[in-house]
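Listed here are the chains, written in short residue letters.
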Amino acid sequence: MGFDQLLGGLATVLTPEHLLFALLGCVLGMLVGVLPGFGPAAAVSLLIPVTFGLDATSAIIMLAAILYGAAYGGTTTAVLLRIPGEASSIATTLDGYQMAKKGRGGPALVIAALASFIGGLIGVIGFVVVAPFSRLALEFGAPELFLVSLLGFALITSFAGNNPAKALLSAATGLAIATVGVDSGVGLARFTFDMPELFDGVGLVAVVMGIFGLSEVLGQAQKGPLGVPSPLKVARLMPTRTDLRRSALPSLRGSVIGFFMGLLPGSPGAATSLASYAAEKRLSRRSHEFGKGAVEGIAGPESANNALAVSSMIPLFTLGIPTSATVAIMAGAFTMNGLIPGPLLFRDNPDVAWAIIASLIVGNLILLILNVPLARVWIAVLKVPFHYLMAAILAFMFLGTYSINGSPFDILIMLGAGVLGYIFQLVKVPLTPLVLGLILGPMLEENFQRSLALSRGDYSIFLEGPISLTLIAVIIIAIVFGAVRPLIASTLKKKTNVPVAPKELAK
Amino acid sequence: MQTLTAPVALEWTVAGAALAGGLGIAAVGAGYGLSNISGVGAGFFPVVAGTLMAIAGILWILQLLAARRAPDLTQVPAAAGDTMESLPPHHASESALVSLLDDDNSDEPDVAEFPDRQGWARVGIIVGSILLAALMLPLLGYTVVMTLQLGTILHFVSKRKLWISAVVAVGAALASRLVFEVWLGTALPTASLDFLAGLGL
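Protein sequences appear in the order of chains A and B.
All residue numbers for the first sequence refer to the numbering used here, where the first residue is 1 and numbers rise by one.
All residue numbers for the second sequence refer to the numbering used here, where the first residue is 1 and numbers rise by one.
Hints are not guaranteed to be accurate.
Unchecked claim - Dumping the calculated DSS-like pairs for lysine-lysine here, alpha-carbon to alpha-carbon at most 30 Å:
| hint | chain 1 | residue 1 | chain 2 | residue 2 |
| --- | --- | --- | --- | --- |
| 1 | A | 102 | A | 292 |
| 2 | A | 101 | A | 292 |
| 3 | A | 102 | A | 383 |
| 4 | A | 223 | A | 101 |
| 5 | A | 102 | B | 161 |
| 6 | A | 383 | A | 223 |
| 7 | A | 101 | A | 383 |
| 8 | A | 292 | A | 383 |
| 9 | A | 223 | B | 161 |
| 10 | A | 223 | A | 428 |
| 11 | A | 383 | B | 159 |
| 12 | B | 161 | A | 383 |
Simulated from the structure, these hints should not be mistaken for lab results.
Chain B on its own, in the form it takes in the complex:
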């Protein structure tokens, strides 16, 4: 019987979200109209996409259910949700055909190990800092926002000393501003706060 480890719980969550999201997209899409005089309506493709998402979610949930019933999960990796797979990816074979057919020889990015609590924290800080930076960009301007974002990541994610983080962040923000504004001709946003705008930031 499969236990509900964090990776398996995430699989359940994503599969459930796919089912719910797919049904939601299909329902909203149907509201746009499935047909019109010239053929299909604006809602036809959203309904198709939503339905396919929901079907994928159902199939995935069925796989996870089958895995829960399996006596030993490690013996049925294919049905048990792929995060439990034990075989290392990328295989050489004596046969060129097998190499081509082998699922593990795909070009997909390497699967990240499941993060521990510190890993989640690092990811969370990066995501949060980018989110805040994007939201504060019109208010604080590029230079301040980029300095704060880089400083946060270097100090809290990379565990650099505060002064090193600050120096590198200020240097990188100014250097990138120079490159984008002078060389690439991209106008970067300045602060809408009078105090900062007065400083040319």
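The following block holds chain A by itself, in its conformation from the complex:
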């Protein structure tokens, strides 16, 4: 087990410098996370430039804190304003807002923070247990790595959106963008149009900022000024002993659900927290209280959401495969800071790897302390007219993108990606496969080329050995399942579905 290394990581994180960056990341993440539509993916992509100039460990610790902060920020507005800052906070609006309406906003926020902390902690414990298995991945050769990348790609595309054609288009667009630049195999410039800025490929950060940040700003600007309802009062802060007792088991169950769902590529936080909500409602003796302010309805989804946020990092740390848009952005941040996500991270930079894992606990602890006292501050942020917020975000994006390479060209890339993301949103093309295609594309190509170079062009190298065959079988299952999933879902949905949170809620 890696608990000794985890303690070492904690020692690294618990230095004033790293604690300061974790604190700063939490606050900035919460600040962006409270803005409707700006979830963890948008928050991390917007704030990546803040970490420029930091050493690798500090930068990743800060980005991880931003990620958590954004998730917590979404919870605050879900409880007090009935505005889920991100999709995975949808389940929390159901009972959190009802509790706040009864004057119990404070206990709702504390229960949410405690459950999130438990979810994060259990996620980290699971992480420590699973991390040593990353050594197995060191045995993978190029064919297995190609198939693992392909599996991640297939799973994410299969689970994205409700239209396989559109998910495929998004993924293929990401793959196509990834091919821009000098080919790693024979050194041929592809789609560069003799522009030196494109020789190293299209910058990931610029694309991500455009796809998740600018497109969201354009979507908000199109609607005009944002109306924010009057927030409910936090009132008394601490939950009762009964609240704590009632939320204990749901927190543990939610953590387990979230942890295992996070291991599966493409499992979305919104679906996982709603699944946890459904499980709690079914198991509870007070199921009639759900939707009217049941603490179990907050504790389960919040712990699931946070455990998922941690465990979704495991495939990245062990196999180097990002499994969601947020983790893909984190993968990009690793690469930007000279770290190779995957099993090599534990071999070559174990101190950094364990410091990042330990920072997940520290970040959660900081947020547990900050969440409730700062709730009023975040609500005040939402009262700032959106005109000014939008202008500030645009200025920040402009500057941040410029500072990647000190080149206006990256701003044009960000702009192009933003317009593409905005149009894709209008026609309901999911964005996650695009980013995954962009990240996994080079890995797919490199390992494919290496495999065929090893076998001298013999494609049967991908069919050798039980690992490859198993991976191929799972890839086929993923593709078939992706094709039939909409049918299964619509059949099951007809029976017991209740719309809980129209997206108009967040407008």
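With chain A fixed as given, assemble chain B onto it according to the hints.
Positioned in the frame of chain A, the structure of chain B alone reads:
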């Protein structure tokens, strides 16, 4: 029979662009060479990506064609292009499994409502101002460009008074310059025009 509303027209446009763009990428990619002595050539992956794009475009066009033939579009939302979907997204269910499988419970950003003429204008002004700002950055320098960009957005998109827009834009440009240059150590570009450069802009 489906009428050609603006959202449907946009779907047709994007699907057509996917097909044409995919074929174009595949054709250009093939020119880079599909194979070489050690295995695959530089054009192999572009061809794969382009082909997948084109296939996606064809599948989408087929869905749109099927929707055109449907008698009442609102009764066949799945095949009719998703912009016509009437069910609100995000559903709670009695079953955890259904919640997980439900397409609407994804983490994708909220789908924006289709913009009206004013909405398109607001989006156009923002996109245009960023484009111009990026192109003029080497010539006018950061401070001037950012002031103009923010002023334009605040005045024309947010409908703030001209003087308020100007004050906020100048203040934000100077403040952001201070933060990035002093705190983050990022050198921001200055104007290449002598007049502006002489003013330290």
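Hints and how they fare:
1. A/102 with A/292: holds, 9 Å
2. A/101 with A/292: holds, 10 Å
3. A/102 with A/383: The hint holds at about 23 Å.
4. A/223 with A/101: It holds: about 28 Å lies between the C-alpha atoms, which stays within 30 Å.
5. A/102 with B/161: violated, 42 Å
6. A/383 with A/223: Answer holds: residue 383 of chain A to residue 223 of chain A is near 17 Å, not above 30 Å.
7. A/101 with A/383: holds, 20 Å
8. A/292 with A/383: holds, 27 Å
9. A/223 with B/161: Judged against 30 Å, a Cα distance of about 20 Å means the pair holds.
10. A/223 with A/428: holds, 17 Å
11. A/383 with B/159: This hinted pair holds, its Cα atoms lying about 18 Å apart.
12. B/161 with A/383: holds, 20 Å
When each numbered hint is compared with the structure, a violation occurs for hint 5 only.
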